[in-house]
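Participant: Grab the two chains, each in its own frame, and use the hints to assemble them into the complex.
Just so you know, the sequences run in chain order L and X.
Just so we're aligned, residue 1 is where the first sequence starts under the numbering used here, counting upward by one.
Just so we're aligned, residue 302 is where the second sequence starts under the numbering used here, counting upward by one.
Derived by calculation from the structure, the hints in this document are not laboratory data.
We put the CB at the ideal spot given by N, CA and C, even for glycine.
Keep in mind that a hint or two might mislead.
Now the stretches of chain L that chain X is said to cover, found in silico as 3 or more residues with beta-carbon under 8 Å [to be verified]:
1) 94 to 108
2) 137 to 149
3) 193 to 201
If you want the ones that stay clear, here's a sample from chain X, every Cβ over 10 Å from chain L, calculated [as the list claims (entries may be wrong)]:
4) 451
5) 512
6) 581
7) 746
8) 747
9) 816
10) 847
11) 921
12) 922
13) 928
14) 937
15) 958
16) 1025
17) 1045
18) 1046
19) 1048
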Amino acid sequence: MIPLIFDIKRYAINDGPGIRITIFMKGCPLSCKWCHNPESQSVAAQKLYTEKNCIGAQECITVCPENALELTPKGIVTDFNACTLCGKCADVCPTKAMEMSGTMYGVEELIEIIEKERIHIEHSGGGVTFSGGEPLMHSGFLLEMLQACGEKGLHRTVDTSGFADTKTLLEVAKYTELFLYDVKHMDSEVHKKWTGVSNRLILENLKMLAETNAEINIRIPLIKNVNADEKSVTEIAEFVAALSMKKPMVNILPYHNIAANKYSKLGSSYNEFNMAEPLEEEQNKALAIFEGLGIKAEIGG
Amino acid sequence: MTFADVQTIVPERPAGAEGNFYTTDKNKIGPGMNERVQRLRKLSVETQESLSIERGLITTRFYKENYGKYSEPVMRALNFLEICKQKTLYIGDDELIVAERGPFPKTVPTFPELTCHSVEDFQVLNTRDQQRYTIPQEDIDTYEREVIPYWEGRTMRERIFNHVPEEWKRAYEAGVFTEFMEQRAPGHTALDGAIYQKGMLDYKKEIKAHINRLDFLNDPEATEKLEQLKAMDISCDAVIIFAERHAALVEKMAATESNPKRQKELKRIAEVCRWVPANAPRNMWEAIQMYWFVHLGTITELNGWDAMNPGHFDQHLTPFYERELAEGTITRDAAKELISCFWIKVNNHPAPPKVGITARESGTFNDFTNINVGGIKPDGSDGVSEVSYMILEVIEELHVLQPGNSVHIAEVTPDKFVKAAGHLIRQGHGYPSVFNPDVYVQEMLNQGKSLQDAREGGCSGCIEVGAFGKEAYLLTGYLNVPKVLEITLNNGINPVTGKVAGIETGDPRTFTSYEELYEAFLKQLNYVVDQKVRVSNYIDQMFAKYAPAPFLSVVIEDCIERGKDYYNGGPRYNTNYIQCTGLGTTTDSLSVLKKHVFEDRTFSMETLLQAVSKNFEGEEVLRQRILNRTPFWGNDDEYADSIAIQVYDDLLAAIDGKPNTKGETFHLNMLSTTCHVYFGLVLGATPNGRLAKKSISDGTSPSHGSDIHGPTNVVRSLGKLDQTKSGGTLLNLRFVPSLLKRDKDIENLGHLIRSYFALGGHHIQFNIVDTATLLAAQACPEDYKDLLVRMAGYSDYFNDMNADLQQEVIDRTQNESL
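Okay, chain X solo, but in the shape it has when bound (with noise of 0.2 Å):
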């Protein structure tokens, strides 16, 4: 069938036009293309994020039942199987694209074998005012007597903390860093082309093969690969009796459909789940739902951060699209409204909620899909095609939380692409952050990778960039820079509990010099990496062995060649992050003292550590003098940048190199998501004039209010950085709308990417909002509810934000040019 009969309201456009292709006329239902994609929205908008325990309860009863019967891997299969056959499914009125995670859009699952929630867990869940999951009481009751109590002391959580040495446990409360994998799986996983050119039976045939392979005698590892392969076996089963479910229940629900337009659709929806996942996709429709059921059981098998990712979307989709518009079997609209029906799909899925210091440092519903738009082919070719500029469309037309996007802008991409980005940057959505994949292949050659991986891969979550459907990379946690400096001020103490969180580092007012002091504070950095190394080494492990991700392994290539799982360097390519957080204001703080203390002697290193410690209270003229005669990052000033470079260069020596358990490295990530709000929550007054309690600078970007010369500027403190040695730094610029009125105005926002591109620049975003805006949403949120900013590496709503990332928001730069 062709959808030369479903009926659009917009008509089509060239691409890259600009305008708002929806109208916000109060009749219509909302935006979107045409009505089917309206309602989708709609629900998927309005709907309240609940908690489902269905999930939960299979998975406890399954291991009530069986744990200990099989090998770990085989268990999680089974599981995987156990969830996919009893699951309820949700087909919606209006639907192409189907399935969810939950009985129902915006439904989210438990993983108690993972993180077992309290009672009072979900109660403060289902009552908080921000980032609310609704459950009826009497579910909790159910888990309360149920899963609760088989859990208790046998969750990765617990196993964890259990586990983690004394000085760990001292620097993670003190907030020095962060842990990801505490309560979520390892994921920050995007995919390659592969799922379009294979189907699950395909990939059994790969893994009965390498199974017909092992080599009993010879390899000692041959019985564990047995069983790993074997449950990669089970979970390719499970997600197609997953599907095939569907397609039973869309035919039945065809057999009593009334509306013959529908029913030509459910029959239609029922054909593809026949196929896809069991084949490969033969068309668009198939291709989508292909990565649909994928994305689903990786989502549904563990709880991997950063969701799951379909990497170069638009690049997977383009032959489909351009095989069936020459063939008349479909037309643009049509494959852009399937676009939007994934695109509803993805918003439909909110992230699992969050407890603990996690829950803290990222309080957000996004879970970090990250479609990339654009770049470079495998071959180093423009990457852009029609389905990019429908994409753009798609992004522009729903506004919605869900999926997160990013263009990526090489040397070879047209200006036409850069400036459609621009426009749908000025919509002031909060996305599409912007990409350069110049520099991010060359970050990861020098990590290793092959160029043709490198090429094919790209950012998944925040900034973060990896070589797509090859690689585990895991970003294990945040690293809190300036409170590393907090604590070498303080010989070792945290200030703001007065506990031990470091190691002694010699008083600072007996430093008679600024590389005393810096020398302090590299001590201090290295014992901090080496706690979290460790740590983070203990918990791949932990994975490995307990929580191992055998759908996710089928998918991800060499996995199955090697036998091993995703999360035990199954894959090609294996990583382990640390993303380190406050470039600025460490830059900042280490210049006052640089400068104030050691060089002109404006004040005491006493008088300094006495003001901060009083958090400027009454000391304002200090602090001023601070704020306004202190050469600060950002403003391409020699003297600040220098200062940056250091710290930069010795962050990469600290972690850079650190071997991980899969016989590759740590390497260094200068991302910060939201964890610069709660970094900066834990922290004391800094000696850049900062106040105690105020975010940190976000990734590589200059302080709050710092950079005072303008985008240019800020650019080009950035590229001194050698950025390729990291993998990916964040550069959060904030424009007001005045300044991208006029299509010129759009150009020039292009020149300015691109300009930063040439210098080096791995990644830049755009707030295009103004505080009048910001204000009168804190003041009248009802009226803003659809106000989405962007944050350090992604977008949220900013009435979904708590007052301090509120106030995190507004207090940002204003680039005014008047």
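With the rest of the complex left out, here is chain L (with noise of 0.2 Å):
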């Protein structure tokens, strides 16, 4: 199945080494409840509204052939038992207020897109980057991906959860230079609760990763109230620490609240639980604790 890419971004400088191209897929059998993008979690095609941006034209009211928008005083409201998500109301929107987010490309198409950025690629020692969700979900789609970019000599850096199927994740290792490779809770009741899933597959195959001699980079989302105590980190830094690596690299990801409004484009809510940015303190306390442990660390991607 053809995954639905809901961004590309150019100049991405912190998706690996070098200046990046960063494909973002839809859907994650994660449910991280501070997720940045709550649009990659669905793997069908969503529908973005940003109040902000409505000029109230409502020429999508008029278009629609479900009649499932209506305008209110809080803008256009979707009723979405109604609409099929046939992207009309996006298409006539004059300020893309309404958007549909998620687009089909097909390899040639992609790689095509690639291909543009490659004098910059090739100027910083930068590649490709696979991001969503979860890109694991798609491993037919993602490995002819980077088998088409391994043809073309770029380098390719994988971004997951590490929630796949062992023998996928080991057959993707084989096309992938680098892994950004998320930890965030060595418990496995917490974890589930954070984030919906237990941490035991994802602990199990960064172990297996790790024998391969793959090159990753352990990225932790430090967030205050979930994962930013000492014991919480100090567990993490003794699990990568036992790692079979070589040089093992964390980068510790402070949270940040800079997702909320996209939750509010969903039409969802956010952050009933909670979380906050850790203090600066905590930051250089959990650099402490792994670099004391020998492993090479840095705030931020």
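Facilitator: Okay, structure coming up:
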């Protein structure tokens, strides 16, 4: 199955070495409460609505074949029971207040888009990053893309939650130069509470992947009231230290509340769980814990 | 003497290292490497800009008594000599590099022979909020009594405006183009390394030899050349006298100086001023003072646009520095201190105040000295040296408005230098801008310069390049390309005033194809360019005849040999530029017309023109559809980019090759400085959804907010223009600080620059600042006095900008990276 792409980001400088182009695929088996790309969780196309940009042209209401739209004091409201996600409203919207998230691209089409960035990639030692969502959910397409990029001599990075079939992961590893691999919490129950899944498979996969000598950057979203406490960080650090990697590299990514308006775009609520940005001292403490175990770590991607 | 005894607050650091080099401790006097530099900087930054009528008085008295007695060049030289003999000297405490154009730092003389300020002009300058120049009432009275009556009807400005054709005036008043030379002399001059090899006495010998060689029987111009050479000879004496007056004053001061350390310095200053500019400099101190006397000479003789420029200053100073360092007569700190002192000197010299339309389009204290750092040597090898790194440090430490500066990154330039430049860019001071020698050398080769002369060239002023020390490249004025389209869409009428501004090219409602519309636009464009060229050539002749620049001619190569003035074909190369602005606005507007009116028929020409004429009032849906549903310039989009390429090629075709008065030709330049703001103010709404009075796009940059795919796409669009055919393009990218946090980010910035340059980019500049900061600065200006932002081609204090300019900075696209 061909996944939907919800964003293509150029001059991506936080997703691996050099200047990169990052392809974001829709669909994720996790549902992290802090997810910065909530529109990435569903594999299906979705409709986004930004009230701020709506100027009340109402052309969307006129054009909707299902009469699913209504103008309210809060802007245009969609009746998702009636909506078939045909996208006609987004097509006529003059301001793009109404947008469809999720576009299908063929492998060749995507390669053409990536190739346009070649000069910047070559000058910077950059490449392509596949992110999501969870790109491993679409292993067939992902493998095709990775192989095609390999033939073009492009450096390939896969940004994953690690929640995937082990065989698939190891197959993908054959065509991947660098993994960005998320580790969120060592306690399975806590992990499940925040992400919807147990961490067992994720941690097992990471151990296996480390044994293949794959290059892995371990990324830890550091979130106050979730995992920014000393105990949680120490447990992660000890786990990383025990991996059979030559030079583990850890990126600590302090949580920030930038995604709130994305949730409102989707018509969902956000942060009823008291998540908060870690204090600078908590960030530094986390850094010190990793460094104390001889692990190279830095704040930020 | 060496500087071992000069106390340094900041320890020496490895070249290219990162960080703030000064502490902003409140007890300190301010930024600077040591207390001397800190005090000099403080004085320079805190002194209010003011006007001095001294030069105006000397000139008026001299003209009253002598006009008609001498040939024009000799008259000009004698007037210059008179100023050098009489002007009030200034030697500040702490100074190592000496001399000022005015009687005090930040004091600007007037040039009544070019433009004579009226009493009203002075009162406006004295009281306005921004770019204020103070002047005492008693000076205004003296000026009214002694200066103004004499120059009435005699100034260059009046003589020019009295002779321009009606068609030109109509277009000028409509804001179709500007005219640089209506109140300032042509400048944009940068020097090569000649003045570090030859003193004024050497130049005098050359002049004498050429006088002796004049053939009065066979050369009908021999007499004219003799007058020109005599004038050059007098002007050499003038600057020598000027320096010796300083030496004498400093010797006197030394005699009574009680501090032995300062006394020693004063004696050294006197020794330097006795030696240069009469003789070639022997060490770094003399080299800097040599340049400074030449700089002051040229900006006192006339008020050329873009002041004066030492060109590749690091390359000129390096041999002196390296030799002295080896001999043990200088330390790195001492050398850096001299550079710091020089930097502050340039900052002491604000631009002469402008009037009329020129004041509207160029409202800034910046006088556009642009010091080139890095780049390539005349043999094509890497020009970066330790002095280059020192200059970057000085720029960062001092954080002053002037001089402007640029880093030059060729393929041979080491990454270490690119990184050091990136760290400086990250500071968000608004400079340096970044240039590509590999491309501008080709630009100059295309114009017929020799390879060596092209490599010795670089950028002066904003983004224009020339053969340093060998070329008069005159920027004649900006061309408002979107205005040309507006006039086309109104069949020759300026819709803002209802007056005729161009020619009749047909009612666009009757056009049946995009090609027909574009044809009409080209007719209008060619008409406008012809008007501009015609008057430019007239003005050039006026300057050649009535305002020759004999001193400038001494230091520009081939003027002596040819016996001709800088303005009259004396230099080896003589180029006229017309600077076209608004490629983005024009391209996007044409894209709307092509796609929506002629191809998709989303709306009719009538509907669009109606909406535009109403400034889109009640037409927000249409405007939003235009903004969100049209291919725009700067997104690596073939549809829009092919329109931009066509417009660029047709601007070239219209301008390139038109003859100038010196047997050479006009060329295209794509810069805007601040003129895109003025051009926007005189422009109604445009088809691309831009509202009336909003700025047009600057240089070759995309329109504000229309580049939605990030910086790599912007540079790829720009890379599609054959930039080697123009004399410069301008790309302004705004980066928020979050994109440049880590070392890795700085490296990627370097990669972005290098990839743009590989695509054939001429110039790129970055504004590192976030919107919140700018809004805060608008709300509370006093807390943001040091906020420098990069405008199109130069930097300015945000606080010194008018509300329009401030809004323009805020509106620019932010490359947010989350």
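Participant: Are there at least three residues in the stretch 193 to 201 of chain L whose beta carbon sits under 8 Å from a beta carbon of chain X?
Facilitator: Since 0 is below three, the answer is violated.
Participant: Residue 1045 of chain X: least C-beta distance to chain L exceeds 10 Å?
Facilitator: 7 Å, violated
Participant: Take a quick look at residue 747 of chain X and tell me if its Cβ sits farther than 10 Å from every Cβ on chain L, holds or violated.
Facilitator: 23 Å, holds
Participant: Report holds if the minimum CB distance from residue 1048 of chain X to chain L is greater than 10 Å, and violated otherwise.
Facilitator: 8 Å, violated
Participant: Any Cβ of chain L at or closer than 10 Å to residue 451 of chain X, or is the non-interface label fine?
Facilitator: 60 Å, holds
Participant: Say whether it holds or is violated: residue 921 of chain X keeps its Cβ farther than 10 Å from all Cβ of chain L.
Facilitator: Per Cβ check, residue 921 of chain X is inside 10 Å of chain L; nearest 6 Å; violated.
Participant: Would you assess whether residue 937 of chain X, listed as outside the interface, keeps its beta-carbon beyond 10 Å of every beta-carbon in chain L?
Facilitator: The claim is violated: residue 937 of chain X sits with its nearest Cβ about 6 Å from chain L, within 10 Å.
Participant: Taking the closest pair, is the beta carbon of residue 958 of chain X still more than 10 Å from chain L?
Facilitator: Consistent with the label, residue 958 of chain X stays out of reach of chain L, its closest Cβ about 32 Å off (over 10 Å).
Participant: Does residue 816 of chain X really sit off the interface, with its C-beta more than 10 Å from all C-beta atoms of chain L?
Facilitator: The claim holds: residue 816 of chain X sits with its nearest Cβ about 28 Å from chain L, beyond 10 Å.
Participant: Grab the minimum beta-carbon distance between residue 512 of chain X and chain L and tell me whether it stays above 10 Å.
Facilitator: 55 Å, holds
Participant: Check the non-interface label on residue 922 of chain X: least C-beta distance to chain L beyond 10 Å or not.
Facilitator: 5 Å, violated
Participant: Should the label of residue 1025 of chain X as a non-interface residue stand, given a Cβ cut-off of 10 Å to chain L?
Facilitator: 18 Å, holds
When the structure is compared with the earlier hints, violations turn up for hints 2, 3, 11, 12, 13, 14, 17, 18 and 19 and for no others.
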